[in-house]
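Protein chains in written order, with the working numbering: chain A, 133 to 443; chain B, 88 to 524; chain C, 2 to 254; chain D, -19 to 290.
None of these hints come from the bench; they were simulated from the model. Keep in mind the model is a prediction, meaning the values are calculated, not measured. Hints should not be assumed to be uniformly reliable.
[Stated by the list, open to error] Using 20 angstroms as the maximum straight-line C-alpha spacing, the simulated DMTMM-like pairs for lysine to aspartate or glutamate come out as follows:
no., chain 1, residue 1, chain 2, residue 2
1, D, K167, A, E391
2, B, K292, B, D507
3, B, K504, B, E282
4, D, K167, C, E33
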Amino acid sequence: MYGWFEENGLLLGLALLDGLAYAALVFMVAVGLNLVFGVLRVLNVAHGSLYAIGAYAAASLGLFAASSGLPAWASLPVLLVAAALVGGILGPLIERLLLRRIYAQEPVLQLLVTFALFMILEDAQKLIWGTQPVQNDAAMRLLGNFDVPFGADFIPFTAYQLFVLPGVAVATLVGLAWFLRRTLTGRVIVAVTTDREAATAMGIDASRIYLLTFTFGAILAALGGALSSPTASLVPGLGAQTIVLSFAVVATAGLGQIEGAALTALMIGLSRSIAVYFLPEAEVLTPYLIMVAVLLVRPQGLFGVAETRRV
Amino acid sequence: MTTSASMSRRSVLAGAATSGSLLMAGSGAEAQPAKPAELKIGITTFLSGPASVFGVPAKQTAEMLAEQINAAGGIGGVPVRLSFVDENPGTEHLVGEFRRLVQSEGVHVVFASISSGSCLACTPLSDEMRKTTILWDCGTQRIFEEGRHPFAFRTQGYGTSEVLAPLLYLLKHKPDFRSIAVINQDYAWGRDSWELWRAGMDAMKPGVRVVAELFPRFNSTDFSTEITRLLALRPDVILSTSWGGELVTLVRQANERRLLERSLMVLPVAEASLPPLGRSMPAGHIIGTRGDHWVNHPRPRDKAALDRFVNGYQQRFNQPAIYPCHHMFQAFSALQAAYTKAIAAKSGGWPNDQELAAAFQGLTFDTPTSRITIREDGQGMEDQIVGLSSFGTLPYAVPEKMMLYPATNVSAPVGQKSVDWLKTLRAGLENTAGEAI
Amino acid sequence: MSDVLLSAQGLRLAFGGVKAADGIDLDVRRGEFLAIIGPNGAGKTTFINMTTGYLRPQAGIITYEGQAITGMAPRRIVARGIARSFQLPQLFTEHTVLENVALAIAAREGPWSPLAPLLRPRWREEAVDLLERFGLTSIAGARADALNEGARKLADIAMAVALKPRLLLMDEPTSGVAANEKMEVVETLARVLRAAQVTAVFVEHDMDVVERFADRVAVWSQGRIAALGPPAEVLSDPQVQRDVIGIERHAAA
Amino acid sequence: MRRTETLLAIGGAALLVLLAILAPWLRFVLTIALAKGVAVLGILLLLRAGQVSFGHALYLSFGAYTVAFLAPAMPEALILMPVAMLLSGLLGLVIGLFVSRYRDIFFSMLNLAISMVFYSLLEKLYHYTKGTDGIRVGVPRFLGMALERDQFEWAMFGTALVLALAIGCFVRLYLASPMGQALSAIKTRETRLEFMGLPARAVLLSAYVLSALMGGLAGSIIAMTTRHVTPLLGYWTVSGELVFIAILGGAGAALGPFLGAVTFELVRVYAAASFADAWQAILGLVLLGVILFFSRGLWGMVESLWRRRA
């Protein structure tokens, strides 16, 4: 028999595992939003819709792949393909047809354009996928369970949750960091994020960078959705939930900061799962409380750089 | 068939201009109306958001039934016409729409709401506008226990019977359980249903240890943390009154991680989520349907009618008819019965609002599975059937070892508050309240 | 009453490794026009920024009228009678020039009734009058973002003057002003300031302007004051000529 | 244009009264629209400073719940309204002291976060708030008189209309005053304000408190009109809706919010009536059209029409 402390210590360990998986999902959807905000300075409300559409598309494509006889292992790459398709098609369309027309306008108008888009896409999803739960958990079942010892007992976790989600998130983080630091395009994106005026003054083709970044952000949003689809059943209203949380992450992280997004996601993920264990009623409040606390101490966000006001 | 979709903007504007006179009709319930050209029914239901899982099938059912009724000559010779309102935008929008339905559309009757909050907001309006309102799906016990609503009638069961029946089933099926955990959606039904359950459980089987009370955020898509905690706690029983996509997600995630091998689940609102769950729903857990309308009901009142309805729906919409479809059926059935009764009482004359409402008092109407009587407080007495999940010919789970609980055995008597009544229950009721069928 | 209006002692401030102020000691005398010259990056603007509260020196003390103002918020410093203008004009771009000046007047006068308009008769009159003195009457109704560089510069200074300061710090008041208008602009400015008995410190690159209008010149070099004195004396110093003016001329060419 | 605006305001008010007489059910919709217009006036003040609050549903729901909680003890509409307004203003002062330090996205998101905390509490504190079921508000007295439902609805409509006109006038004066003008100065050159001795934070804070007062008042009107309050009134999409209305109506004048609010509510009602399945998409399309083709909103359209005629 374990004492209170030992038992709770073990629970804390479990909470860590759950928090990690949740953090991975939060990170995937928030990092794209943060990247887009950093470069375009547009807070994209429709990011939540892209997430939802990515999830739906992944489930549908997975079901289609299975019915057309693709082997079971294909259910994992299908998630990536669906995300790339959704982001790769919708991203450029949205950037070219809508956002492009309003870059010169006030930020609130840009925000509202994406809000309008969000409303339209919400109904569009319903039109395409209906209102009944859509699901395809092939990817989750593929890898089966992994038993984590828990005292004399054991707790089964899905390998998907334990390895795939954090794995993809870490790969995304490392890949993004490498891309932004080591490639020319990446450096240009960073330059635009840090000082838009200076970067455009240096002759950077902002239009191309905007298109690229937005598409990239859209793919990340869709990927976030696609990754969540094997464990969740998809119903209307998915996007609205996701986007508020991502907003909180972006503001907490600091604009355009991918490491900040990762750290914030981790904080949110862990505190949420710890809350579920020890203070379930506080669970929904944690992301917002974290944000308020962080901004009290660091008004520019965790990794944000104070904008120098030139006089 | 005419539904709201065909209503043009112009007709709404015209309605706005002429409804001064309609108001008169609405408030003067004693006026003697002539037989109208159409019987207008306003229906509030979820057309967007997560609860559209229920709302849209119900809407489809209403359209199908209206078509059938009209093909058969309408109600009392008058064809019905439906207008739908989306509940999702919130109360402030909904009560405005309720007024529009009554004052501008001039509906004769309103079918109100899936959400309890919507019902609570609409019933006072039914009092004020003296417009017969059928509460066709919402379950909150607060409606008729906290006030009198002479124009509102619920044509199905409610939270108390829908929670008590599975509790009684559990007490009989697994009388030796010692610990329980609850994982409900964090909103009124999730909280209310747990309060009802707890009151009944503590009265009939004191001393059960409640090891966890989890109320994850409404519309959550990830329950892995909660599941881990439940796996670690190993409660004998896990109760969840969740519904829709969330229940599907919860059961799938729980099943994948073999939680359902460790604990017995009690799912009072399982039925609508069983088709999408398919084989992910393991056998041997307690499932309910907010009524008695299981597709495999062993002895329905009218087998042919049940098959006709269920198969007709399946064929037309390529989906199984889930419980909201049945609740919509009940609302239509009650409406037809009430009009027949009112017209007969008036020797063939068309009833006004007051007379229509009067017809609902003590009304008995047929459903494919049984017969429902509306009590003097407006509450419908719908029997409950609970069973254990099992697999037969269908690709999804249906109940076996079913117990039927007559509504009068599992409903708080008129004038008593549910929680107070549940506290008076005593052990042994599980052996007398229901019968195996 | 002391002859010294503003006094800086031992000001130090470094950004990373760059010493923008490396022991600045300077007394500004009541009523004088003091020019600050020196190459870019010598710390001239930093001095103004420290004096007006935008930057806090890491060491040293600034006193004004004998009282320490080191590290005070800009707002507090303005309230004591120190105003500044900016190298890059800081105008409210959605307002007209008249409104810009009126806002400055309002700032000086506050607190006010929240329901009387900004352009209440008394303030409007004063703003019109001030703009006239700056020769900006013709553009009083123009939006601030529609002006040319010279006009923006003047409007920027007019706003500072509208605060009725006793000490005005100007960061390159003539940069951006067309060469043929420059003398006239400075002439106007000097007249307005003298009439209002304002002490002025200004950063300037044009040696002709310095020679003609400054009572004293301070030469900045790498965060220090390399020379200080009347223009005739300082500008003829061979070392100043070589180190500062040479560079300036070179840069100008 | 000034006189025109006054004339338009009077004409608009007359039109609303006429509509309310002709179509009783519209009276309800219009009361809500007027209340939202009042809340949007507050949003407009903040927009002047370039700040977008994505959390003002907080004050709306706070005002509404204040009424819901106090109505049983104090069933008098003309007391409930100012009390809800003042308490909401007090809350705005406390929160404003914190958020007025932040700008742009941080300002937006902090407001969002705080409003979501409040929303979650409304849902969580089930025993006090009845969770998502919400609280029913009885018909309060009006000026000490117990009114019939119909009379009470007229009273609320009239009160909302009078308040809308009065607060619209106030906002117009405020915007022309140094306080209001300093707001737009925050947007264009905040540092200069500081160097002129004007505390930008205080300027923003006063606007913020005013917006909280207006939000609370609007919430109290909504509560007494719908007579049932649920947490949904505090959800972030409602905050978005307020900003939506501000832009739809046009942020250029005090009349804009009401133009926007009435249009918004009517479009929503008609879209919901004609296309119950896709009303959201229709609203989205309307907003998209307005932003892409008339970025100054409906008021901007009215203005340019007027200019063309003049």
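Cross-check of the supplied hints:
With a C-alpha separation of about 30 angstroms, the suggested pairing of D:K167 with A:E391 is violated against the 20 angstroms cut-off. Between B:K292 and B:D507 the alpha-carbon distance is near 16 angstroms, which keeps this suggested pair within the 20 angstroms criterion. Between B:K504 and B:E282, the direct Cα distance comes to roughly 12 angstroms. Compliance with the 20 angstroms bound is thereby established for this hinted pair. With a CA separation close to 36 angstroms, the supplied pair D:K167 and C:E33 exceeds the 20 angstroms bound.
In this structure, the hints that do not hold are numbers 1, 4, in rising order.
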